[in-house]
Amino acid sequence: MSVLATRNLTKHYGDQVVVDDLNLIVERGELYGFLGPNGAGKSTTIRIALGLVFPTSGSVEVCDVPVFTTVRSDGPLRLVGAVVEEPAFWDYLSGRRNLELFARAAGPPDDRTARLAQIDEVLKMVDLEDAGRKHVKAYSHGMRQRLGIARALLGAPELLVLDEPTNGLDPQGMREVRRLLRRLADDGVTVFVSSHLLSEVETMCDRVGVLSSGRLVADGPPSGLRKASGSVVFEVDDGAVALGILRSLEGVVVEDEAAVEASTGAPARLRVRLAKEVSAAQVNAVLVGGGVGVGAVRPEQERLEDAFLSLTEEPDSHEWAPHAG
Amino acid sequence: MYRVEIAKAVRRWRTWIMATAFVAIPTLIVVALVLTSEPPEPGEGPPFLRLVEINGVFASLVGLSVVQPFFLPLATGLLAGDAIAGESSAGTLRYLLVRPVGRLHLLAVKYASVVTQVFAAVAIVALTGLAVGGLAYGIGPLPTLSGTTLAVGPALLRVAGAGLYLVLGMAGLVAVGLLFSTLTDSGPGATAATVGVYIVMEVLDALPALRIIHPYLLSHHALAFADLFRSPIALDGITRGVIVDAGYILVFLALTAVLFSRKDVTS
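The listed protein sequences correspond, in order, to chains S and R.
In this text, residue positions in the first sequence follow our numbering: the first is 1, and each later residue adds one.
In this text, residue positions in the second sequence follow our numbering: the first is 1, and each later residue adds one.
Treat the hints as calculated values from the structure; they're not laboratory data.
Quantities reported herein were computed from a predicted structural model and do not represent experimental measurements.
Think of the CB as a built atom: it goes at the ideal place given N, C-alpha and C, for glycine as much as any other residue.
Among the hints, a few may not be true.
[What the hints assert, rightly or not] Per the computed footprint, the stretches of chain S lying under chain R, defined by three or more beta-carbons under 8 Å from a beta-carbon of chain R, are:
{"hint": "1", "stretch": "52-62"}
{"hint": "2", "stretch": "93-104"}
{"hint": "3", "stretch": "218-225"}
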């Protein structure tokens, strides 16, 4: 069962197409990474999904119920917790008071004790239990970000929609947020997280969708995001000797030779492109035979940034994991 | 959600600053009267001023007449203009809507909360006037504008009626302000527009050549509450005022609801 689905979702602002016939399905319990450069339409898509912006055509469903833009308090969005771009609060109130008022704003007046207990719980989850009484005005960017996640967790949502949740966090804060999201997903919460940080999405997410110019240009597991580049990397103890041997071999081309020559007599990492009839094992044997110590041989993967750029710059020419729609 | 709005309001400094100003206005008027030896001439100063020294109850009415043309529309414009635009510029509007708080529900709650605060402002002016005027000049039977006398109980009821009538007039302005508030992300902009509209209405109301539109101006009937202090009460002006106020409330709330429920929230 899908928790979030967009169907032929399109949004125009005047002549500009911001979201272009987007079909996206996020399954229950998934940690889905929504990747794309700035201006690709990620935030607009998220705003449509949350009923803030009207689609020009197409629809969005949360837990199989259409999201109407005149959102009602008992609609499907009550199952959703969200951080939309910057986390924003009533700065003149404490973090805890903010959470309390936001919790009360939507729901029926429920049990105050239970509500306060839940606020304690979400503040603890994001490690803000000590700062809860401080005015939000005095919060650092990272604290606001974490308070925003705490607010999204109020009401135990089935779907978390987070727009760049690690923005402004220090490396430790980033790691904590990733762990938190991973834990939530493992507990069955569906997490939809947008990011422009490729490495973040790759390490954290079960599935990744790449958005470019409003279109989904890739959708699949993060391992499929990078393709083998076709090159092989040899880590050797003497770059100059190895280079001499490799140059004499047929069907072997050393890439970036200049960089290797500069490191004569020293250990080096050689990127080598091999012709079809030449295997890495054969080349390795020749190198070892020539007295070169080979520390490692591995196929070189495309750099993540390159994969991302090739996806977002030339969406039509890319062959990786076309999305099923 | 209504209680959330009120809880927010009582925790804001601006609420208490405005409340202080509304306490200060009738207080200053009475203090000034006590300190000056010469009574004001007929027609000098705000309506009812001459009568305060006869009966402290009139201090309430002087207070209401003084705040009506400017201070009250200013406070109303500030609260109504900021209602949605303030949330929008702070970024909290989108977080309220995704909780989710329904858009029409949000508008209704914002409207009710602003009118409540305007009511509180009027009540503060009336009660402070009564307290300070009563302390300085005593409270007794009230002479009416028709020359008869009202017992204290009915007199206070009519003061309350005058206050409610003013609140109703401002409720019309709140509806106008709420519309501006949904059209912009700038609270000060919406406030300026709202207060500006009221001032323009007051200016138009002062131009005899435009007599034909006067009955439709929100400000035109504002001082009709003085008719409550005739014997018998002259209901003509007040009735027309109530109809015009209700018209503004209905038209502008409906327009706001239609526009806001279709608006892309991009703040």
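Legend entry - In rising order, the numbers of the hints this structure does not comply with: 3
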